[in-house]
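Asker: Residues per chain are reported as follows:
2 protein chains.
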Amino acid sequence: MPRSAHETRQKILREAHRLFRKSGFFRAGIDEIAAASRVTKRTLYHHFESKDALLAAVLSAQHAEVFASLDPYGVRLSGTPAQIVEALFDKLVEWSTTPHWAGSGFTRLAMELADLPGHPARTIAHQHKAAMEQYLTGVLATAGLEQPAERARELFVLIEGAMALILVHGDPAYAGAAANAARCLFDPARAAAEPTPRMAAPA
Amino acid sequence: MPRSAHETRQKILREAHRLFRKSGFFRAGIDEIAAASRVTKRTLYHHFESKDALLAAVLSAQHAEVFASLDPYGVRLSGTPAQIVEALFDKLVEWSTTPHWAGSGFTRLAMELADLPGHPARTIAHQHKAAMEQYLTGVLATAGLEQPAERARELFVLIEGAMALILVHGDPAYAGAAANAARCLFDPARAAAEPTPRMAAPA
Chain R
1 MPRSAHETRQ KILREAHRLF RKSGFFRAGI DEIAAASRVT KRTLYHHFES
51 KDALLAAVLS AQHAEVFASL DPYGVRLSGT PAQIVEALFD KLVEWSTTPH
101 WAGSGFTRLA MELADLPGHP ARTIAHQHKA AMEQYLTGVL ATAGLEQPAE
151 RARELFVLIE GAMALILVHG DPAYAGAAAN AARCLFDPAR AAAEPTPRMA
201 APA
Chain C
1 MPRSAHETRQ KILREAHRLF RKSGFFRAGI DEIAAASRVT KRTLYHHFES
51 KDALLAAVLS AQHAEVFASL DPYGVRLSGT PAQIVEALFD KLVEWSTTPH
101 WAGSGFTRLA MELADLPGHP ARTIAHQHKA AMEQYLTGVL ATAGLEQPAE
151 RARELFVLIE GAMALILVHG DPAYAGAAAN AARCLFDPAR AAAEPTPRMA
201 APA
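Chains R and C, in that order, give the protein sequences.
Positions 1 to 203 (this note's numbering) are the ones given, in order, by the first sequence.
Positions 1 to 203 (this note's numbering) are the ones given, in order, by the second sequence.
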């Protein structure tokens with residue numbers, strides 16, 4: 001049964017997303033994406049005028065999908081600030097230990113296109129990360145944390161740093177280090193008052 | 001005047017480093033590197049058996065150069081923990097605002113080769129980042145900070161996260177957010193006791 005134009009477009013987006021995530025933007029070829037989508041290159045270029053445009057469309061679709069969900073971080077973020085930190089970093093450990101995990105696609109793209117600040121995909125990566133940080137600000141405000149925007153930014157820096165170093169070292173312990181730091185940032189008085197060292201050594 | 005084999009090798013390493021940093025590993029071509037080094041491809045392959053081997057040699061040379069210096073972070077790290085944090089993040093702001101700044105080459109490489117955990121360049125990136133973290137541990141121990149290994153790891157997560165987000169957003173303010181977080185982590189009692197909010201909004 002022939003696919004509708006919409007179905008074809010969605011299939012190309014899915015396969016391109018899978019292959020860009022697997023091999024990065026430059027190694028994933030248009031021929032490979034067309035073959036995986038079971039369309040001709042002509043059809044692919046009918047839907048997306050260039051590989052750059054296809055990448056931008058993939059990231060836009062990914063961004064829209066993340067924010068269509070109730071939980072953009074893949075986990076319910078509610079309760080106390082401490083519970084939010086546990087949920088976030090537990091999720092990061094779970095995610096980063098899935099087979100062939102390769103970090104944040106948006107961050108990888110920004111690094112792969114580091115010399116191309118004006119690339120449309122860079123613009124979408126910027127918007128996506130800003131929206132993720134903004135979402136955390138709302139979560140922390142709801143949890144009653146003071147200066148939620150400042151704390152959200154620090155938390156987001158810790159998440160990004162943990163993702164980079166989990167990938168570099170293949171070691172999810174960096175999520176634990178980042179979680180310990182976040183706990184201290186959210187409640188320095190409690191961290192300072194603990195009679196025992198405030199954090200265990202990372203596993 | 002003909003170059004010695006050593007000079008030729010060094011020239012290839014320098015040009016490969018420049019081009020890998022500019023365009024990433026996959027976009028920088030062997031033809032381009034050979035032309036920039038003013039050698040034939042045959043000569044290049046005489047010195048480096050493959051592009052993968054050349055990349056590994058570039059990163060090894062870079063790692064050796066960083067650790068041959070007295071200050072692997074490019075700035076003297078001494079004094080109090082607070083002074084160390086200022087020096088580190090001032091340096092990050094200075095570095096990240098140079099034209100065409102593209103983040104940490106080792107992190108970018110790990111992300112570009114995210115699907116190739118066994119690649120020799122990934123091994124060197126892992127060793128380099130571990131050595132940088134270890135160096136910070138020594139600096140913080142000398143500064144008298146308790147649990148220097150744990151604090152160094154948290155600081156390193158903040159530096160990596162700041163680098164990623166400065167690149168994503170083109171905004172060095174992420175270094176300021178990371179610096180504020182590091183100050184709190186190093187001295188939670190003081191952070192908790194401040195009558196005014198412990199950190200200004202990032203510039």
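Worth flagging that the hints you see were computed from the coordinates, not collected in a lab.
Here the structure is a predicted model, which means the values were calculated and not measured.
Wrong hints could be hidden among the right ones.
Identical copies go unnamed one by one, so any copy, or any two together, can satisfy a pair.
[Stated by the list, open to error] No farther apart than 35 Å at their CA atoms in a straight line, the calculated lysine-lysine pairs in the DSBU-like style are these:
#, residue 1, residue 2
1, Lys91, Lys11
2, Lys41, Lys91
3, Lys41, Lys11
4, Lys41, Lys22
5, Lys41, Lys51
6, Lys22, Lys51
7, Lys11, Lys22
Asker: Is the C-alpha distance from Lys41 to Lys11 at most 35 Å within one copy, between copies, in both cases, or in neither?
Answerer: within (14 Å within a copy, 41 Å between copies)
Asker: Please sort Lys41 with Lys51 into within, between, both or neither, judging by C-alpha distance up to 35 Å.
Answerer: Close inside one copy (11 Å) and across copies (29 Å); limit 35 Å.
Asker: Is it within a copy, between copies, both, or neither that the alpha carbon of Lys41 lies no farther than 35 Å from that of Lys22?
Answerer: both (20 Å within a copy, 30 Å between copies)
Asker: How do Lys91 and Lys11 come out at 35 Å by Cα distance, when the copy is not named: within, between, both, or neither?
Answerer: within (28 Å within a copy, 46 Å between copies)
Asker: Using 35 Å as the alpha-carbon threshold, which applies to Lys41 and Lys91: within, between, both, or neither?
Answerer: neither (38 Å within a copy, 47 Å between copies)
Asker: At most 35 Å between C-alpha atoms: does Lys11 with Lys22 qualify within a copy, between copies, both, or neither?
Answerer: both (17 Å within a copy, 33 Å between copies)
Asker: At most 35 Å between alpha carbons: which applies to Lys22 and Lys51, within, between, both or neither?
Answerer: both (16 Å within a copy, 20 Å between copies)
Figure legend: structure checked against the earlier numbered hints; the only hint not met is number 2.
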